[in-house]
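*Asks:* Sequence:
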Amino acid sequence: MKSTLVRQDSDKLADVVVRGMQEKKAADIVVLNLKDLKNAVADYFIICSASSDTQIDAIARSVEEEVEKLTGQNPWQTEGRMNREWVLLDYVDVVVHVFLRDRRQFYGLEELWGDAQITYVEEEETPAVIR
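Counted the way the working numbering counts, the sequence shown spans residues 6 to 136.
Distance condition first, Cα-Cα at most 27 Å in a straight line; then the derived DSS-like pairs of lysine-lysine: (1) Lys74 x Lys40; (2) Lys40 x Lys17; (3) Lys29 x Lys74; (4) Lys74 x Lys17; (5) Lys30 x Lys17; (6) Lys30 x Lys74; (7) Lys29 x Lys17.
Taking CB as the label site, the calculated pair distances span: (8) Gln110 x Asp62: 16 to 22 Å; (9) Asp14 x Tyr125: 21 to 27 Å; (10) Leu117 x Gly77: 28 to 34 Å; (11) Glu28 x Arg106: 15 to 21 Å; (12) Asn79 x Ala45: 18 to 24 Å; (13) Glu116 x Thr76: 27 to 33 Å; (14) Gln78 x Asp107: 29 to 35 Å.
Simulated from the structure, these hints should not be mistaken for laboratory data.
Remember, it's a predicted structure, so these values are computed and weren't measured experimentally.
Backbone N, C-alpha and C define an ideal beta-carbon position, used for all residues, glycine too.
Could you put the whole structure together from the sequences, leaning on the hints where they help?
*Replies:* Right, here's the structure in full:
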């Protein structure tokens with residue numbers, strides 16, 4: 006029973022993360038569903054691109070604010086704020102990556118998890134629901 010609740014929570018958290026990204030006009034949002042993969046480190050990786058280091062910071066803050074407001078959670082770990090090329094927000098079951106475009110291409114996280122179920126989130130005015 007507990008694992009079902011955890012999975013539902015990670016689904017909701019993924020939705021909230023995408024909403025936070027969309028609030029600051031993140032580009033190329035991709036949701037990698039890792040739940041069915043053996044040895045996956047999380048239920049979801051959510052990746053987006055930003056056009057500047059200022060937008061990276063704005064997107065990361067928006068995600069943190071949305072998650073805090075709607076779930077009461079704070080990231081377990083954050084990385085990259087000083088570097089300002091890639092910010093990682095680790096919510097344990099959902100890991101958020103906000104990249105500058107060229108850094109995203111360099112690291113190619115989507116290719117590392119090629120077996121994952123991949124959802125490309127359309128750029129739109131209203132937040133998308135992921136399932």
